[in-house]
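Based on the hints, put chain B in the right spot on chain A.
Quick mapping for you: the protein sequence lines, in order, are chains A and B.
To convert a position in the first sequence, counted from 1, into this note's numbering, add 634.
To convert a position in the second sequence, counted from 1, into this note's numbering, add 634.
Among these hints, one or two may not hold up.
Just so you know, same-sequence chains aren't split out, so a pair can sit in one copy or run between any two.
As the list claims (entries may be wrong) - Here are the simulated lysine-lysine pairs, DSS-like style, with alpha carbons at most 25 Å apart:
| no. | residue 1 | residue 2 |
| --- | --- | --- |
| 1 | 800 | 773 |
| 2 | 773 | 724 |
| 3 | 724 | 800 |
| 4 | 800 | 733 |
It is worth saying that the hints were derived from the structure and are not from the lab.
Number of protein chains: 2
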Amino acid sequence: MLQRIQPETLDVIRTRTSVRDYATTPIDDTLFEQMITSLLAAPTASNAQAWQFVAVRNPGRVEIVRAFSPGIIGIPPLIMVACIDHRRTKRAPGEASEKLADTAKLCVAMAVENLLLAAHALGLGGCPVGSFRGPVVQKLLNLPAEIEPVLVVPIGHPAQTPVPSKRRESSEVINFEDWRPDTATA
Amino acid sequence: MLQRIQPETLDVIRTRTSVRDYATTPIDDTLFEQMITSLLAAPTASNAQAWQFVAVRNPGRVEIVRAFSPGIIGIPPLIMVACIDHRRTKRAPGEASEKLADTAKLCVAMAVENLLLAAHALGLGGCPVGSFRGPVVQKLLNLPAEIEPVLVVPIGHPAQTPVPSKRRESSEVINFEDWRPDTATA
Numbered sequence: 635m636l637q638r639i640q641p642e643t644l645d646v647i648r649t650r651t652s653v654r655d656y657a658t659t660p661i662d663d664t665l666f667e668q669m670i671t672s673l674l675a676a677p678t679a680s681n682a683q684a685w686q687f688v689a690v691r692n693p694g695r696v697e698i699v700r701a702f703s704p705g706i707i708g709i710p711p712l713i714m715v716a717c718i719d720h721r722r723t724k725r726a727p728g729e730a731s732e733k734l735a736d737t738a739k740l741c742v743a744m745a746v747e748n749l750l751l752a753a754h755a756l757g758l759g760g761c762p763v764g765s766f767r768g769p770v771v772q773k774l775l776n777l778p779a780e781i782e783p784v785l786v787v788p789i790g791h792p793a794q795t796p797v798p799s800k801r802r803e804s805s806e807v808i809n810f811e812d813w814r815p816d817t818a819t820a
Numbered sequence: 635m636l637q638r639i640q641p642e643t644l645d646v647i648r649t650r651t652s653v654r655d656y657a658t659t660p661i662d663d664t665l666f667e668q669m670i671t672s673l674l675a676a677p678t679a680s681n682a683q684a685w686q687f688v689a690v691r692n693p694g695r696v697e698i699v700r701a702f703s704p705g706i707i708g709i710p711p712l713i714m715v716a717c718i719d720h721r722r723t724k725r726a727p728g729e730a731s732e733k734l735a736d737t738a739k740l741c742v743a744m745a746v747e748n749l750l751l752a753a754h755a756l757g758l759g760g761c762p763v764g765s766f767r768g769p770v771v772q773k774l775l776n777l778p779a780e781i782e783p784v785l786v787v788p789i790g791h792p793a794q795t796p797v798p799s800k801r802r803e804s805s806e807v808i809n810f811e812d813w814r815p816d817t818a819t820a
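Next comes chain A alone, as it looks inside the complex (with noise of 0.2 Å):
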């Protein structure tokens, strides 16, 4: 539980917007630590746990994964690749659930959005790119046939302030009760 109501964390989710430009400077271990800290605390179904990240700092590394995420425009100092681990979202052995494994990558996005607001909260930016190819990311990063890389997600300092997209007014996605009353037929 908090001490206290902490009402300053709404600005944070409040103003988080994506990062897509990144200073060169790297991310100090401290950092990036406290970002790991938040990434693990996320949302887990069953408490299953059912995922992976690798996170690539390796300028090299990091330029290579770019060249196959066309969703990754500036150079970042951190890709953090986020996986579903599908040996933890089967049932019984050798008998795949497809509900769990949708699940785990539910809670895999929860993990990269709990990620992405501690980078903001620190002063960092980043944003979450499904615009990669799978297969050779998988390929590149050596992982087995199990982990499945569901988001990679560039973070660095903020080249210049991002400015915040614009969203549609919260009565358009917004219904209460049920669908939209105020238009649905009687």
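Just chain B now, kept in the frame of chain A:
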């Protein structure tokens, strides 16, 4: 951008845990609106915002949704039903894109994590629930076929102090540069 680094946000992220039992106290509107702002600030691929949310607060309706959601334990004052909006995951009229729908699902999960973190920051709690009868919930809420519920999220004031679940050592899930080089065969 943030005015200053906010390391206390890391405490919010680190101490969030699933809350499954709720006090009967309702959630006041100020807290509710702050949670909505956080929810909608999540990353969204290509800013598609291919999501819709239904806030269920009417006690009778909460009870009905809960009846078809075995993953919801206590009776919460709010259930947020988080959905993919498939009308926004098509490349061209009539042409569905599996990849875009898959990406939208990740965005919905990240939005739900924002919601849960905001709840925790405000002294509330909840948990993401994948165990619910999708087609029934869809019908109960009058959701059109293109609005697919992904997670139902009960939220309320915690009935007791929640205990964070134990996680594996970070060395078991964080790899450096590539797959577990310490155990890889040369």
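Hints the structure violates: just list their numbers, smallest first.
1
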